[in-house]
Amino acid sequence: MAGITGFRLRQTSTSQAARAKSPAKRPAALYDQQAQDRVMAKINAMGETFYAMSESEYDDWLDALPQDEFFEFMSVMIESDDRQRQASSRAA
811 MAGITGFRLR QTSTSQAARA KSPAKRPAAL YDQQAQDRVM AKINAMGETF YAMSESEYDD
871 WLDALPQDEF FEFMSVMIES DDRQRQASSR AA
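Residue numbers (the working numbering): 811 to 902.
These are calculated hints, taken from the structure and not from any lab test.
There could be a bad hint or two in this list.
Just the calculated beta-carbon pair ranges, DEER-fashion [to be verified]:
id: 1; residue 1: Glu867; residue 2: Ser899; range: 28 to 36 Å
id: 2; residue 1: Ser899; residue 2: Arg848; range: 27 to 35 Å
id: 3; residue 1: Ser898; residue 2: Asp842; range: 28 to 36 Å
Taking lysine to aspartate or glutamate and the DMTMM-like style, the derived pairs with C-alpha atoms no more than 20 Å apart in a straight line are [as the list claims (entries may be wrong)]:
id: 4; residue 1: Lys852; residue 2: Asp842
id: 5; residue 1: Lys852; residue 2: Glu865
id: 6; residue 1: Lys852; residue 2: Asp873
id: 7; residue 1: Lys852; residue 2: Asp878
id: 8; residue 1: Lys852; residue 2: Asp869
id: 9; residue 1: Lys852; residue 2: Glu867
id: 10; residue 1: Lys852; residue 2: Glu889
id: 11; residue 1: Lys852; residue 2: Asp870
For glycine and all other residues, C-beta sits at the position ideal for the given N, C-alpha and C.
Put together the whole structure using the sequences plus the hints.
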């Protein structure tokens with residue numbers, strides 16, 4: 811039991827330290843602009859077909875992306891989701 815308690819104490823102090831860091835102190839994210847440009851060109855070339863894909867087609871499309879393009883696609887989607895959440899919270 812002492813090991814588990816000790817682990818929980820370390821985990822708590824670590825998470826508190828992580829929360830104490832401001833985003834300004836963290837290093838800037840590293841983006842691969844070329845990979846992002848390639849994946850966005852693929853999406854633009856598909857046009858509305860991209861948004862009309864079934865879930866299985868979307869899964870296949872994601873699986874076919876090279877790793878660097880997949881990471882950049884995910885970062886774009888996360889940023890888009892964050893912007894939508896901020897906009898909806900300001901509207902509320």
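Against the structure, the hints:
1. Distance hint check for Glu867 and Ser899: the Cβ-Cβ separation is about 32 Å, which falls inside the suggested range of 28 to 36 Å.
2. Checked against the given bound of 27 to 35 Å, the beta carbons of Ser899 and Arg848, roughly 33 Å apart, stay inside it.
3. Restraint check, Ser898 to Asp842: a C-beta distance of roughly 29 Å satisfies the suggested window 28 to 36 Å.
4. Proximity of Lys852 to Asp842 is assessed by CA-CA distance (about 16 Å); at most 20 Å being required, the pair is judged to hold.
5. As the CA atoms of Lys852 and Glu865 are separated by approximately 18 Å, the hinted pair is consistent with the 20 Å bound.
6. For the hint linking Lys852 to Asp873, the alpha-carbon distance of about 14 Å falls within 20 Å, and the restraint holds.
7. Distance check on the hinted pair: Lys852 and Asp878 sit about 14 Å apart at the alpha-carbon level, within 20 Å; holds.
8. Restraint check: the Cα-Cα separation between Lys852 and Asp869 comes to about 15 Å, which is no more than 20 Å; the hinted pair holds.
9. Using a Cα cut-off of 20 Å, the hinted pair Lys852 and Glu867 holds, with the two alpha carbons roughly 15 Å apart.
10. At most 20 Å may separate the alpha-carbon atoms for a hinted pair to count; Lys852 and Glu889 meet this at roughly 19 Å.
11. Simply put, Lys852 and Asp870 have alpha-carbon atoms about 14 Å apart, close enough for the 20 Å limit, and the pair holds.
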